[in-house]
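**Student:** Sequence:
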Amino acid sequence: MSAPGGIMAEGVLVQAMHLYSALVMKPYEQGRNAGLIERTTLGTLPQPLDRNGLGPHFSKKYPKPVLLGRATENDALVSEFDRMGEIYDAYVRPFSTPIMNAAVEELSAWIKPDFRLLDAGCGAGRELCRLSQMVPDGEAVGIDLAAGMVNAAYASARAKAFDHTAFFQSDVGDLPEVFTGQFDLVYSCLAHHHYPDPPAATREIFRALRPGGYYTVIDAGPEWFVKRSSGLALWADPGWIGFHTPEQFMALFEAAGFETTGWIDLVPGFGIACAQKPL
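Note that the sequence shown covers residues 1 to 279 in full-length UniProt numbering.
The set of hints was computed from the structure by calculation and includes no laboratory data.
Everything numeric in this text was worked out from a predicted model, so none of it was measured.
Nothing false has been slipped in among the hints.
With a straight-line Cα cutoff of 25 Å, these simulated BS3-like cross-link-like pairs (lysine-lysine) come out:
# : residue 1 : residue 2
1 : Lys-60    : Lys-112
2 : Lys-61    : Lys-160
3 : Lys-227   : Lys-26
4 : Lys-160   : Lys-64
5 : Lys-112   : Lys-61
6 : Lys-160   : Lys-112
7 : Lys-60    : Lys-160
Take the sequences, apply the hints, and build the full model.
**Tutor:** Written out as structure tokens, the structure reads:
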């Protein structure tokens with residue numbers, strides 16, 4: 001499904017993203033790195049646990065991408081991403097890099113070298129490849145509903161010799177049964193606003209986590225940004241469903257069964273919504 005505004009709207013969105021990154025996010029990143037900006041949080045943040053991760057499993061059992069081979073009710077939402085699987089990363093990289101740089105700093109407090117990670121909307125695999133380097137004794141598994149993205153992510157990981165990775169075509173609201181209780185941490189980077197059914201997705205991710213596991217969503221959030229950006233996103237972002245504020249994220253998580261929920265600001269307009277499954 002193309003953006004309602006068509007290809008021209010998508011071009012406007014890409015230009016706006018790059019401009020916002022250059023004028024707002026990168027200077028903010030420099031200020032944070034220099035210690036000039038204080039860390040801001042809401043709610044209760046998950047606590048690190050003194051235990052081993054689950055280690056590798058899916059990367060050994062599924063060395064090739066696992067594709068559905070059938071249509072799903074949400075295929076129309078990802079058809080545009082299927083088409084641009086090979087070039088999508090080049091469009092979003094200048095925008096996503098400052099966000100992910102800050103996110104990695106926060107995620108490092110929870111991730112251990114033997115963790116098994118799930119990227120719930122891996123796209124072309126750039127973030128998965130980066131985080132897989134944090135789990136040399138574990139693995140990173142990526143899912144995406146767009147087969148083109150799954151294949152692009154697999155090719156990217158193999159080109160970098162990241163063999164402790166696995167890839168599945170899947171709707172985040174209908175994860176494979178074999179995922180039940182199989183992950184130490186599930187994360188989503190700039191993908192949650194494309195989820196067609198956020199409550200269903202959150203329940204499925206809760207199921208996929210082991211007790212005490214972490215769920216982290218890297219996305220737009222503060223109310224001021226959501227109000228100002230939703231109109232452009234609706235017009236220009238193919239498959240866009242909606243942003244959540246930090247408070248809405250925490251309510252969504254709690255409704256699915258998470259008890260510890262919080263929010264960490266990363267850069268202006270974006271942060272990590274985080275939750276921990278009860279032990």
